[in-house]
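Here the protein sequences line up with chains A and B, keeping their order.
The first sequence runs 3 to 466 under our numbering.
The second sequence runs 3 to 466 under our numbering.
Be a bit skeptical, because a hint or two may be false.
Because identical chains cannot be distinguished in the list, a pair is counted as satisfied if it fits within a single copy or across any two copies.
Said to hold, decoys possible - Below 16 Å or equal to it, Euclidean Cα-Cα: the simulated EDC-like pairs (lysine to aspartate or glutamate) are:
#1 Lys27 / Glu205
#2 Lys403 / Glu113
#3 Lys253 / Glu435
#4 Lys347 / Glu205
#5 Lys257 / Glu335
#6 Lys425 / Glu151
#7 Lys433 / Glu406
#8 Lys257 / Glu327
#9 Lys53 / Asp402
#10 Lys53 / Asp380
#11 Lys123 / Glu327
#12 Lys399 / Asp152
Honestly, the hints are just simulated from the structure, not real lab data.
Number of protein chains: 2
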Amino acid sequence: MKSSLEVFFKPRNIAIIGATPTKGKLGNVIFEVLRGKFKGNIYPINPKYQKIDGIECYPTVKDVPEDVDMAVIVVPAPIVPEVVKHCVDKGVKGVIIISSGFSEIGPEGAEREKKLIEIIKGSGTRIIGPNCLGVYDAYTGVDTWFLPEDRMARPPKGYIAIVSQSGALAAAMLDWAARMGVGIAKAISIGNKADVDEADLMEYLVEDSDVRVIAIYLEGLRPGTGQKFVEVARRITKKKPVIVLKAGKTKKGTKAVASHTGSLAGAYQIYASAFKQAGVIEASSVLDLFDMARALATQPIPKGRKVAVITDGGGMGVMATDALESLGLILPETPKDVKNRLRNKLVPFAALGNPIDVTGSVIDEHYVVAFEEVLKSDAFDMVMGIFLMQPPLLTEKLPDKIIEVLKKYRTKPVVAVSFGGSKLTLKLIKKLEENGIPVYEIPERAARALWAMAYYSEIRELNE
Amino acid sequence: MKSSLEVFFKPRNIAIIGATPTKGKLGNVIFEVLRGKFKGNIYPINPKYQKIDGIECYPTVKDVPEDVDMAVIVVPAPIVPEVVKHCVDKGVKGVIIISSGFSEIGPEGAEREKKLIEIIKGSGTRIIGPNCLGVYDAYTGVDTWFLPEDRMARPPKGYIAIVSQSGALAAAMLDWAARMGVGIAKAISIGNKADVDEADLMEYLVEDSDVRVIAIYLEGLRPGTGQKFVEVARRITKKKPVIVLKAGKTKKGTKAVASHTGSLAGAYQIYASAFKQAGVIEASSVLDLFDMARALATQPIPKGRKVAVITDGGGMGVMATDALESLGLILPETPKDVKNRLRNKLVPFAALGNPIDVTGSVIDEHYVVAFEEVLKSDAFDMVMGIFLMQPPLLTEKLPDKIIEVLKKYRTKPVVAVSFGGSKLTLKLIKKLEENGIPVYEIPERAARALWAMAYYSEIRELNE
């Protein structure tokens, strides 16, 4: 059965209700952005114009001569119910309401929002919003985000789906991902979530083959939807990892949520235990969210919690050890046979325990040998490779050599750490990232990514 | 009285014992680096050569025709005691021993290291190292780090001093700082610290007018020097902030320290309480160390813990609130009179409590007005400004306007947050940083920086 949400991501055509030729206005930016990348027909709707930029404009969506799959609404709040009614009459399946002036402004707006739900009742029409940025789909070109490229760059195609209660934050996230080269599949700004909410989107995204990990920014669930969220998430997390960044954890934070989205952030402890119950991974910041998502989107699922650390900087190795152990991950001692083989191939003063410290006298081949050994050994489920590129004998060929050995033996998650900034470091980061190895600045962040993968692996087994 | 360590940073001349014309060798890299930037005389010392690259070379340091202030030693370990003896005989005041092969390799090396101390006893000669990278001074051009620019870029001049037990980590830190534009005054890699240790350097750096904050990477203090560290730090932190990143906190981490620097990391709790007693600020990662150091190096000392948050993204405001409250900082409600003035100047749906949310409808002037009000108000000791640059009406003139208002009213610490990546965001970050406002990617990191400043302000008062 096709999901009722599919139309938001793969519409055959899109009507823009409130389209306008006036540059800089929302109804124009959305029109321009969509025209530049969406392949299907676009229908500007506005009774004031006959044509916009040479494209036929209709007084209402009902006047469009073919069936309309999706509509984006950018008219003032008081007119929204009327145009939503038009959409229902026309049989439009997906309506994104960008306009604000609903429950976020108080009782009057809440009344108006309630009316929307009454209008779509029993109709088969679904609503995203109001008070949102809508849908960004890197694969189909649906992009209702009214922000031009110079303010919000669009990230490369990837496997992460973002669902956000805050439009501003989601926009900043896409802009950041674009700069960092982090691949995004879809982003949905759900605003007041009058109809479509996090649970609905999880149900859709879990079946979406472009998506490998679902990342959610949440301030508060709508009253009465907590049980639904937990039930759906519990089911979804068996198939795909879900990461939630919950804002409003402290007393003051909860108050700030109330004045932002009007959500009831409630007692954070209730959320935290619901997340645990549902197998959801909790992020501690927006960077932490991306750190974990990047690993979950690119790495295989680990068999367990046992990590091998390979480093050329002893200090970084110590910090990695502290971070991993604090998170409950395990650093087993390197097995004897592995040690024996390494002893003959690394410098005599290399540390062979775990971390394996190839030292500042490292040459490229030492890293290759060490990776080969830990990837082959049953003693380790995951690998953290720390590459400080300052040692004088390392060459710019190192990343290619590492990628080669990973391709040969790769069945375990591998993450990398590199701290620095000169040519060799930047080249290594770029090469590894291009080949699907997430690179982090510090071992503490890489450790969080490994933890998320180990945790998710356990979740999947527990939730069977 | 002039410190006996001054000669390491402001020598009139430098002898390089073990200098060589062979490209790529340590004794050549150091010679080339110093020749390129150090203004005083350089004396290569090597019995094998008469001249190196056209510069007169001497068989021993004793043969140099003038007094020698400082010597860098890069000869093999077994010869080091002999050349150190030459230095003492010649009256060299500062000796940096780069060579490894001392206490870090076991009993034989420890014996050799002990000999060094016996040789300098009562002589007025001080030793940094052995097994270290030595001294980097951005102001005087002393640079004994045997890493060429393409592996370790040199950061811009600044106010942060780095003291590190790990050479590899310190090198990566300088390389990273160079890329990020973080200003560094000095970096000292102290290796085995046979003579000069963290406490000695704190004593020197506290009197150094180029240094505003001392950042230390520590695995373990030498046995018997704990009391000295605490006493000195307690005295120093009255005048300048000291941040320590302690590695080896967990059981496994402590073990990793033993195989790295051979230090006794000891029970972390003992260190943690010593740091507290000494008024030292503890960092949780190398990024956290820089996050706090950047703020302490550029901002005035706050009067208290009361923070105003100004944001155009409600979600970021909520996360800032959570982070600040978790760290024990205070977000007082915006005073009535301030609210009244803001009400007339911001958009009607702006949130006027704290965070002050100027919303996505923000124009540059709203930020200016909000900053002006919180900088003038006694209700706040510090300010976190969150700038998401996606909102359509913000212009590229915003950073200049913010800097102007800060110059007018600036008596409080101000830190900024910007998450994104397109032109406007990058321009804002660059402009603010150039004008001494540290910018962080996420509010959680900015909150740590504010916490460090508030904590330091209390330390200074407590330690009076």
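inquiry  = Under the constraints set out in the numbered hints, which ones does this structure not fulfil?
reply    = Of the numbered hints, 1, 2, 3, 4, 9, 10 and 11 do not hold.
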